[in-house]
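Q: Sequential numbering from 1 applies to the sequence shown in this note's numbering.
Because the hints were derived from the structure by calculation, they are not lab data.
Quick caveat, the model's predicted, so the values are computed rather than measured.
There's no promise every hint is true.
Said to hold, decoys possible - If you anchor each label on the Cβ, the simulated ranges turn out as follows: (1) P64 x R126: 19 to 29 Å; (2) A92 x E44: 34 to 44 Å; (3) Q127 x A163: 15 to 25 Å; (4) D195 x D71: 42 to 52 Å; (5) M203 x G72: 39 to 49 Å; (6) P123 x M203: 37 to 47 Å; (7) A92 x R205: 25 to 35 Å; (8) D62 x E37: 15 to 25 Å; (9) G146 x M203: 22 to 32 Å; (10) L239 x D195: 17 to 27 Å.
No residue lacks a Cβ here, since even glycine has one placed at the ideal position from N, Cα and C.
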Amino acid sequence: MRRALVTGGSGGIGAAVCRRLAAEGAHVFVHANANREAAQQVAEQIRSAGGSAEVIVFDVTDAPATRAALDGALAQGAIQILVNNAGVHDDAVFPAMRAEQWHRVLDVALHGFFNVTQPLTMPMIRQRWGRIVNISSIAGIAGNRGQVNYSAAKGALNAATRALSIELASRGITVNAVAPGLIATKMIASAAAADIVDRMVPMKRVGQPAEVADLVAFLASDSAAYISGQVISINGGML
Numbered sequence: 001m002r003r004a005l006v007t008g009g010s011g012g013i014g015a016a017v018c019r020r021l022a023a024e025g026a027h028v029f030v031h032a033n034a035n036r037e038a039a040q041q042v043a044e045q046i047r048s049a050g051g052s053a054e055v056i057v058f059d060v061t062d063a064p065a066t067r068a069a070l071d072g073a074l075a076q077g078a079i080q081i082l083v084n085n086a087g088v089h090d091d092a093v094f095p096a097m098r099a100e101q102w103h104r105v106l107d108v109a110l111h112g113f114f115n116v117t118q119p120l121t122m123p124m125i126r127q128r129w130g131r132i133v134n135i136s137s138i139a140g141i142a143g144n145r146g147q148v149n150y151s152a153a154k155g156a157l158n159a160a161t162r163a164l165s166i167e168l169a170s171r172g173i174t175v176n177a178v179a180p181g182l183i184a185t186k187m188i189a190s191a192a193a194a195d196i197v198d199r200m201v202p203m204k205r206v207g208q209p210a211e212v213a214d215l216v217a218f219l220a221s222d223s224a225a226y227i228s229g230q231v232i233s234i235n236g237g238m239l
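Starting from the given sequences, assemble the full structure and let the hints guide the process.
A: Quick look at the structure:
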């Protein structure tokens, strides 16, 4: 049984990814930081459906705590599938953006990517098989008003995806990013008014977390062995 870690596994997209990977037969580590109870509910749902899951709790911005938690998980074997989904918004127009808003968003999305991914790459290399999927955003491609910090973080994550894919390509490890547009989660609920969706999304609807999860599951499968270094948008035709 392959083992998968989904950071931010208690959120809308993360929970859908956890359930989808478990349905594909993976043992899933449902990661949480503040939302441990929500992560536990996701894990219980997976187990109730006949899947395999457990909760893992750490702050991705805390490198020592992250390493300690991952060392514990790795003691039972390599984690072959990693989905870097943890991320936060802290929006403000740039002239009014506080330094702590800038650093908080980059710490989670970018430094968190390093803190989680770097310890897991060597075990993947030893097995000569791995799948790393980074959850980016349309903001990292097109930018967005009031989200210079978020756009910068996700744009850097896209670049890191490409660079890491080149390093790991000969080792049987693929690295890709998925860039959602407007998806029906709590994070975008306030921004996804019907008139905005009608104006911005050619398909005239928001996407569903399960649709993102389907794409992630494909990229994490054997069928996607020749896809690497890509930033794949899922946005209803916005770009």
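Q: Would you mind marking each hint as holding or not holding in the structure?
A: Status of each hint after checking the structure:
1. P64 x R126: 19 to 29 Å: 23 Å, holds
2. A92 x E44: 34 to 44 Å: 37 Å, holds
3. Q127 x A163: 15 to 25 Å: 22 Å, holds
4. D195 x D71: 42 to 52 Å: 49 Å Cβ-Cβ, so the 42 to 52 Å window holds.
5. M203 x G72: 39 to 49 Å: 43 Å, holds
6. P123 x M203: 37 to 47 Å: Holds - the Cβ-Cβ distance for P123 and M203, about 40 Å, lies within 37 to 47 Å.
7. A92 x R205: 25 to 35 Å: Check passed, 28 Å falls within 25 to 35 Å.
8. D62 x E37: 15 to 25 Å: Since D62 and E37 have Cβ atoms about 20 Å apart, the given range 15 to 25 Å holds.
9. G146 x M203: 22 to 32 Å: 24 Å, holds
10. L239 x D195: 17 to 27 Å: 20 Å, holds
Going through the hint list in order, the structure satisfies each hint without exception.
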